[in-house]
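Protein sequence lines correspond, in order, to chains A and B.
Just so you know, the working numbering puts 241 at position 62 of the first sequence, and the rest follows in order with no gaps.
Just so you know, the working numbering puts 451 at position 440 of the second sequence, and the rest follows in order with no gaps.
FYI, nobody ran anything at the bench for these hints, they're computed from the structure.
Hints may be right or wrong, so weigh each one.
Quick list of in silico lysine-lysine cross-link-like pairs, DSS-like style, CA-CA up to 30 Å [stated by the list, open to error]:
#, chain 1, residue 1, chain 2, residue 2
1, B, 405, B, 339
2, B, 28, A, 181
3, A, 181, B, 31
4, A, 182, B, 27
5, B, 458, B, 394
6, B, 394, A, 182
Just some of the chain B residues that point at chain A, by a computed CB distance under 7 Å [claimed, not checked]:
#, residue
7, 92
8, 174
9, 242
10, 493
Even glycine gets a Cβ: it sits at the ideal position worked out from N, Cα and C.
Chain by chain, the residues run as shown.
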Amino acid sequence: MKKWIACLLFFTLAFLITIIHTGVIRTGRQISLLQQAVQIQEAQNQYEQLEITRLSSPEEVTTYARELGLVEARPHEVIVLEDK
Amino acid sequence: MLSRTAFSAPAVFNVKKRMKGVLFLILLAPAVITARLFQLQLFQHEEYLSKAERSIYNYLAEDRVRGSIFDVNGQVLAESVRTHSCGIVKRYVKDKNQTLTFLSQTLSIPKKQLTEKWNQAHNFFFVAKRIKPDVYTQLAAVRRQTLGQGLELTPEYERIHPFGTRALDILGQANSKNMGLSGIEQMYNREMTQDISKKRAKRSGRGDIIYDRHLKEKIHVANIYLTLDATAQFYTERALQKAVETLHPQRAIALVQDPHTGNLLAAASYPVIDGQSLAFQFTYEPGSTFKSIVLASALDAGVITPNTQVDMEGRKWEVAKGFVVQDKQHHKDSLSLAEILQLSSNIGAGKIAVEMGGKMLFTYLKSFGFGSKTDINFNGESKGTLSSYTNWTKVDLATKGYGYGVAVTPIQLITAYSAIANGGILMQPHLVDHLEYTGGKVEQKAKPIKIRRVLSAQTAQTMRELLQTVVEEGSGKRAQITGYNVAGKTGTAEKLSKEGGYGKRSHVVSFCAMVPATDPAFTILIILDNPEVYSFGSTAAAPVFKEIAQPLLVLKGIRPDKLDF
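Modelling step: build the complete structure from the supplied sequences, incorporating the hints.
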């Protein structure tokens with residue numbers, strides 16, 4: 180009888196381990212999905228940052244400034260203040 | 012007793028038998044599973060392992076991270092963004108019409124186009140590449156539904172250059188698998204990339220990526236910081252583009268260098284070819300811009316003095332029998348050093364070179380770095396041509412005096428001029444400032460390295476003053492900038508024609524100068540190769556210098572060195 184009880188205990192334990200393992204895998208999958216979502220958001224953010232860089236490039240700024248009627252200063256027209 | 016035995020014995024037998032039967036049934040299923048697992052693990056292990064590996068690594072076979080490239084001020088010049096490509100495995104698609112309609116709407120591709128691709132493909136075809144994250148989210152959402160069956164979303168990278176084609180000839184290109192193909196991208200591939208495919212994730216049976224929690228690989232890639240300044244690069248490319256549109260040269264090059272550090276602040280080439288910078292790869296006979304180097308060498312060697320007058324031999328100098336050098340641009344019997352440079356006298360420069368002698372001139376030219384690579388480490392850098400002086404004839408010597416019979420690269424010439432600008436020291440030119448690894452480790456690349464002193468400080472000072480007169484009174488007038496002294500030399504060199512000899516119609520115009528001449532902050536070189544409109548260094552290249560130098564002086568806040576303007 181003891182043998183049968185040992186067998187039952189063994190299989191019950193194996194069953195519990197399987198359930199726990201399944202839970203771990205499920206959680207892992209959820210983590211993976213969240214990581215994927217984070218990655219997508221990060222990539223989206225990266226695109227936005229690069230768009231900011233593009234818009235702040237001298238080319239864009241110069242074009243926009245010209246549209247506003249501004250002209251580039253010549254070097255002798257600039258007063259350089261000492262940074263002290 | 013008998014009757015008790017006769018009654019109870021069958022009952023015990025039945026209970027035990029039933030218990031055994033139930034236990035047998037309970038254990039049967041696990042036993043079968045165990046047996047199957049045993050068979051799979053022991054006998055079919057290899058087969059399933061390879062299947063699993065294929066499914067994982069086919070998907071993520073080439074997933075690698077890549078560092079970014081920045082300018083000297085930390086402005087992004089190239090950066091990788093993770094995107095996806097979308098493909099269709101036809102045999103897994105449940106409803107062709109529904110799937111194609113969905114893809115057409117989501118990816119904004121005409122359905123007709125998708126249908127054509129479907130009809131042409133055997134089993135798999137790409138629908139779209141470089142899918143942006145917002146669209147990817149929509150596609151990923153249906154992957155678990157019938158609509159999404161058969162969709163393959165593969166990770167790939169888009170290398171973005173926020174400033175467009177700016178400095179693309181230097182930066183080069185990287186592909187969608189984050190592998191550098193040309194230019195800086197290729198040269199620093201090892202430092203910039205890390206393969207993360209095999210440790211990052213696994214793919215489940217349903218196609219989902221499961222990130223491995225135990226193998227979080229440490230990312231160790233480098234971001235590259237160039238010495239280039241994106242704003243200076245913009246001004247340089249803009250000025251060069253303007254010259255290209257007006258004069259239609261075959262090639263055009265503009266370089267800006269800090270003479271005190273050797274750092275390149277801008278390097279523009281036309282035509283722009285990824286990773287093919289003419290600044291390092293183009294070789295040409297420099298013509299008159301080379302006269303400054305020859306005169307500086309002769310001054311430094313004591314062969315001539317600032318007061319030397321050179322006899323013009325009636326403006327027709329017969330160097331050797333059958334070889335005559337003429338100066339048609341003036342009517343003077345003798346010229347001072349300043350006049351030789353201002354009027355760009357071939358006789359003057361040629362006679363000084365002959366006076367120096369082959370060995371001395373060769374030693375100085377080698378010392379200036381001609382005939383050797385600069386070690387800037389750019390792929391395909393040329394070393395130019397400077398043959399050994401032992402084979403030079405008098406004619407060779409004379410022609411070298413005014414920049415023929417020697418081939419230089421733009422980087423060699425600007426670095427030599429920078430030596431005149433900084434007081435006589437040849438500096439190691441740099442293109443990469445530093446590498447910054449993940450974790451903060453910094454590897455400095457652009458430390459100012461003094462290669463050697465090529466001129467005394469006094470000679471360099473004298474040369475700057477002489478070159479200043481070229482811009483004030485000579486051929487470089489169009490490079491004048493209000494408030495600043497400019498020292499430079501123009502050049503118009505005829506090119507060797509295919510038929511032999513120098514062709515009158517094929518030429519290279521150039522201008523190399525430093526500003527402010529009293530303490531130069533920039534050395535700038537402009538080269539226009541074979542402009543369609545016949546032009547000279549004075550009329551074509553000098554104005555480009557001015558166009559570049561003016562905004563740079565504002566950008567860097569360089570004070571005027573002229574008070575009377």
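Per-residue hint verdict: residue 92 (chain B), partner chain A, C-beta under 7 Å: Holds - the Cβ of residue 92 (chain B) comes within 7 Å of chain A, reaching about 5 Å at its closest.
Per-residue hint verdict: residue 174 (chain B), partner chain A, C-beta under 7 Å: OK, holds: residue 174 (chain B) within 7 Å of chain A, min 5 Å.
Residue hint residue 242 (chain B), partner chain A, criterion CB-CB below 7 Å: Holds: closest Cβ of chain A sits about 5 Å from residue 242 (chain B), inside 7 Å.
Distance restraint between residue 405 (chain B) and residue 339 (chain B), which requires alpha-carbon spacing of 30 Å or less: Satisfied, since the Cα-Cα distance of roughly 22 Å is no more than 30 Å.
Satisfaction of hint between residue 182 (chain A) and residue 394 (chain B), Cα-Cα up to 30 Å: 87 Å, violated
30 Å limit on alpha-carbon distance, applied to hinted pair residue 28 (chain B) and residue 181 (chain A): Within the cut-off at roughly 16 Å; holds.
Agreement of residue 181 (chain A) and residue 31 (chain B) with the hint, judged by alpha carbon distance not exceeding 30 Å: 13 Å, holds
Restraint check, 7 Å cut-off on beta carbons, for residue 493 (chain B) near chain A: 5 Å, holds
Given pair status - residue 27 (chain B), residue 182 (chain A), alpha carbons within 30 Å: Roughly 14 Å separates the two Cα atoms, so the pair holds.
Residue 458 (chain B) paired with residue 394 (chain B) [C-alpha distance capped at 30 Å]: Distance of about 22 Å is within 30 Å: holds.
Consistency with the previously given hints fails for number 6 only.
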